[in-house]
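Chemist: Put together the whole structure using the sequences plus the hints.
4 protein chains.
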Amino acid sequence: MSINIGILGSTGYTGCQLVSLLLNHNSVDIRWLTSEKFRGMKYSEVFPGFAGRIDTECVSVSKLDEQEDVDLVFSCLPNLTSIHFVKKLYDRGIKIIDLSSDLRLKDLELFKNYFNREHPAPGLAGESVYGMPELNRAQIKTARLVANPGCFATTVLLSLAPLLKNGIKAGSIVADVKAPISGAGRAPRLEYHFPETNQNITGDGFEMHIQKIEVEEFFHGNNKIKENIVFRTHRVPVNRGILTTVYYELKEKRSYEELLNYFEEFYRDEKFVRIREKQEVIQLKNILNSNYCDICFDIQDGFLVIESVLDNAVKGASGQAVQNMNIMFDIKEDTGLGAVPVYP
Amino acid sequence: MSINIGILGSTGYTGCQLVSLLLNHNSVDIRWLTSEKFRGMKYSEVFPGFAGRIDTECVSVSKLDEQEDVDLVFSCLPNLTSIHFVKKLYDRGIKIIDLSSDLRLKDLELFKNYFNREHPAPGLAGESVYGMPELNRAQIKTARLVANPGCFATTVLLSLAPLLKNGIKAGSIVADVKAPISGAGRAPRLEYHFPETNQNITGDGFEMHIQKIEVEEFFHGNNKIKENIVFRTHRVPVNRGILTTVYYELKEKRSYEELLNYFEEFYRDEKFVRIREKQEVIQLKNILNSNYCDICFDIQDGFLVIESVLDNAVKGASGQAVQNMNIMFDIKEDTGLGAVPVYP
Amino acid sequence: MSINIGILGSTGYTGCQLVSLLLNHNSVDIRWLTSEKFRGMKYSEVFPGFAGRIDTECVSVSKLDEQEDVDLVFSCLPNLTSIHFVKKLYDRGIKIIDLSSDLRLKDLELFKNYFNREHPAPGLAGESVYGMPELNRAQIKTARLVANPGCFATTVLLSLAPLLKNGIKAGSIVADVKAPISGAGRAPRLEYHFPETNQNITGDGFEMHIQKIEVEEFFHGNNKIKENIVFRTHRVPVNRGILTTVYYELKEKRSYEELLNYFEEFYRDEKFVRIREKQEVIQLKNILNSNYCDICFDIQDGFLVIESVLDNAVKGASGQAVQNMNIMFDIKEDTGLGAVPVYP
Amino acid sequence: MSINIGILGSTGYTGCQLVSLLLNHNSVDIRWLTSEKFRGMKYSEVFPGFAGRIDTECVSVSKLDEQEDVDLVFSCLPNLTSIHFVKKLYDRGIKIIDLSSDLRLKDLELFKNYFNREHPAPGLAGESVYGMPELNRAQIKTARLVANPGCFATTVLLSLAPLLKNGIKAGSIVADVKAPISGAGRAPRLEYHFPETNQNITGDGFEMHIQKIEVEEFFHGNNKIKENIVFRTHRVPVNRGILTTVYYELKEKRSYEELLNYFEEFYRDEKFVRIREKQEVIQLKNILNSNYCDICFDIQDGFLVIESVLDNAVKGASGQAVQNMNIMFDIKEDTGLGAVPVYP
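In order, the protein sequences belong to chains A, B, C and D. Residues in the first sequence are numbered consecutively from 30, following our numbering. Residues in the second sequence are numbered consecutively from 30, following our numbering. Residues in the third sequence are numbered consecutively from 30, following our numbering. Residues in the fourth sequence are numbered consecutively from 30, following our numbering.
Some clues are possibly wrong.
It does not matter which identical chain is used: a pair holds within one copy or between any two.
Derived DSS-like pairs (lysine-lysine); straight-line CA-CA distance at most 30 Å [to be verified]:
(1) 141 <-> 361
(2) 300 <-> 124
(3) 282 <-> 253
(4) 71 <-> 307
(5) 198 <-> 280
(6) 307 <-> 255
(7) 198 <-> 282
(8) 253 <-> 280
(9) 282 <-> 141
(10) 300 <-> 71
(11) 194 <-> 361
Source of the hints: derived by calculation from the structure; they are not laboratory data.
Modeler: Here's what the structure looks like:
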């Protein structure tokens, strides 16, 4: 079997990671790719490292109507742009995995408050399935439209899910994110010009982050918690990889062993989430370029301190998207996701 | 006037930074330096960049008794080693600035619990002055023995001091530290071997950190707060610079403007602490290689999120030590500390 | 078919890269691994990123006699150590790919001059085949013992081979290598401690480099050139990847087009060597984590300036070793080597 | 005495370094600064690390006529722009140090060939003095107009000067430059976007480099050598610092000791050039953030291999400019240039 694939917005970092994964997936055929900045160029001219592997020419998304029907489209377009083209494809009956934020929120008021405009396709928001396999596998299996989770949200949700499932009550919840530079996109700007970024750590600005809302809605919507999450991101001079620290105030005293048990049970059958013991050093090196998310935690002064790491481009974006594709098309879930982390 | 100086443990990163500052200070004369690993070598052989500037030979600390009396000794020796030599010098009547943790805690029970042994010189602990000029200037002026603060503790204390002075009540307090690799010392080890550290972010292990206790004791001892501080450090692949995020749960609603006013007032006459407005991006670049500490904050979901940056080797160690020296010897406080941050 | 594999010295960077490649190779079975420093530990404890993928326990090489016979052993042991164990395995009739320098030189005088001792197994030196598929494929096919080339030598040989084949006469030849830190091994030392290496570029010492001899012997031995190669390496703060510049003085005037033609013809059927046009920017990014070697060149003031890039751990070591294995066992040559370069 | 200063193009990396040096120079007063991109902003808003140190507002260079007369103007404007404003200032009788390439070439044919246009101010080209103190001090002393050398040219000229003075005849000369990213300027572009540059080494394109001509003209013009210099630059992921390797083919056999003697003699009285013995490791760390240039060499296969390091922003640009200013104004030559290299 071969799944015919189209990719919208293929020449950013997410698109590039997706293509690299699909080139080593044995059941897919990339039929077309769009790019505005690089339209008319071969994909292997945009990313010369792919020379000899994919010579498909990038087309403008404005020519989307002329592109052949495919089994699945991945959209790597920016927020607020993606939804317009996703809608067109949905109407053509094509399955879609949308890596933007446009379809992640069910509560359209939240969308409106954040983006300061009405949702452009309210019907689709209701239709879409939140694509986090560990929390939502059954729904993904039959979805026509998957909203692929945000990278930060993935770290926080995977960190909290076992607690919520087991009714561990929280006081305050704080999420402190250490984020890589690729997460800010491929368009050059002064603040991420190499000499500015290298040897630097920056706060990410104090405005509200869309993924804070994504996380809160997931839990509020599932009646798991009422609390808001204090959420702050920072940029660290690495290309890839997120380390998120969640400070979870325990309303009642709990032992490390009890909680460890919940985490291990929750992720027992999951291939891509690994619970680490607290004696180990949690670090990006153990997950880079792979689809793994590693989690560890300890208790300090009444807080559960949970740390998780994943590769923002893989488990935080395109790897999770491929995982979702595999589920949707009933392929073994780790197909094409076999890469182990890169040392050094 | 020229202050005669001795330096214990001069060939680590703290010692090296100290020497570089003193070489451009117009009122000091470095008379001797100790180093175990590099004893017998000229300082300019250990750090060849200093060739032509300081050819003093490093002596073993075991020859301390043979070194001439000086006006001031800086100790950059490791924790639990420093105290033994500091005691000897103190008994010779020499003024000392100790950059180790050995004299920072007044409560010797805390010391004992942490290090699992009795304090080797309980009398000195009572004698020493905690060397943070912004909080303790008058005492430093007349001190014979200064305990130079820890780098992480400096960020947290400077972040909290204006709140405590103004009676802003806290619920939980969480301090999340992003720390550079030089802070882990100059001795090579696998985890900080370049290919392991580059592109990596790591948790720092879940054991209690001595600087958590340093911070808590300062506030408890001053009856400012009763709360413990949840304290977690991470290593980020930069040579220098700390960004600390303090999450301070506000017991009562406060406006940004009110709090900004407290911070600005508290640091109005301080040359080395700068309050940044929340619209600015807090970042290491604005303080690297200088003695500045920059602070900014905003309010989110009932928490005050305070971020501070400083150079661990300067304001977090040797720069603050020189600042203390200037105060002790009644020199203009910013003498030798005029360097502006390095761009890029 | 499944090839049973043993690996000597498996826990350095070369060994780790080899294991990661073999884990995604569909025709191999890793039966045992040796490590001195980590003996008794599971491989996934040494490299926790491999958790869930390979739990084999590392054994000491001193227990080599107790290890089962396998179809092929890779030796990633250090120079002068490797040869002793390779000899034992050879005598047991096991095929071997040796990634050390021990069997690369045919002229044992050169070995003796460099290492200042007699070759420990002169017979094997004669027996071994130099494992560069693009230059030596037929011999590798039937080899029992392959000397896997050095990473620097690979860049220089692939840069020069088309010239020598086409009789392009040289005056002077200079090779200037920009090398990554992983190439210096995984054992921590001061000069590659992160804060020392980051933001630094260093000369590598002026002593003769073994791979200079490796390159010269190959060409002298094949009567291609008589000239020595001026050879200088530098360390650059990247984890992986080599960029080598060869300055090749042209004895006679040649056009770019003529030379381009020679290069393209020489590598026409090679999957892993790509000739780039001079308008492109040669860079590590296009080959990292892949088995590709990219080459480009131009003519300046009578010199051919040839630049090549490859990943020292892949095409410069373990990837080339797997390529050799595939040839020796008559498997499709790019099996297990399908990874495309990692962006970003 | 206080020298009144104006700076053209002050908000690039060269301008920023210049301001940071002048802020710690005891005899200057910065009267005005120009910037196009940041006109109307305070200098301390453009570089917030300078807050509290320089609040001067950047003006557009189009308002140059309205700026007061000063004793000296530094121009950090781009090539081909600088000359126009330098001419205006020259006509007003103001002394100038021009950090662009516009006045470095005496032979206007070379200028025309390279830039493909006539020199806009041929008279000034004749008037200007090439500002390399070690080679040209007497002329700088009385100059009204100094052309500050290029950073690469400085490394090559300082590497070669002792050889040429002592009549050491060359065959081929190759200069291989490892250059930092700041040298490519502060304007963001894709190739120096952090995730593209980090972990990358790139060739710099094969077009002729203006500083190759600068070097050749200096020697040809002084009848020292007739040879062209094969010249190739590469970008390495460091913020600052250049390591240049010059391969100098010796026409006659020479001993290391003889040549070492020439170098040491040539630079005996120079404060900022240090000759290193070949046993030492030449490295950026020994010169970063200082005005030093370190040089070492060895002989291999008939070539003298000379390596030099300097900080492109200091000795390669603004530090050398301040050195020139000190000479022009008869101040002690190292005033304001006392910083030692930064470790780590």
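Chemist: All the hints need checking, so say for each whether the structure fits it.
Modeler: Here is what the structure says about each hint:
1. 141 <-> 361: neither (38 Å within a copy, 55 Å between copies)
2. 300 <-> 124: within (25 Å within a copy, 35 Å between copies)
3. 282 <-> 253: both (19 Å within a copy, 26 Å between copies)
4. 71 <-> 307: Between copies only: 18 Å across, 47 Å inside.
5. 198 <-> 280: both (6 Å within a copy, 20 Å between copies)
6. 307 <-> 255: Classified as both; 28 Å inside a copy, 28 Å across copies.
7. 198 <-> 282: both (10 Å within a copy, 24 Å between copies)
8. 253 <-> 280: both (15 Å within a copy, 25 Å between copies)
9. 282 <-> 141: between (39 Å within a copy, 27 Å between copies)
10. 300 <-> 71: For residue 300 and residue 71, the Cα distance is within 30 Å only across copies (19 Å; inside one copy 35 Å).
11. 194 <-> 361: For residue 194 and residue 361, only the intra-copy Cα distance (26 Å) is at most 30 Å; the inter-copy one is 49 Å.
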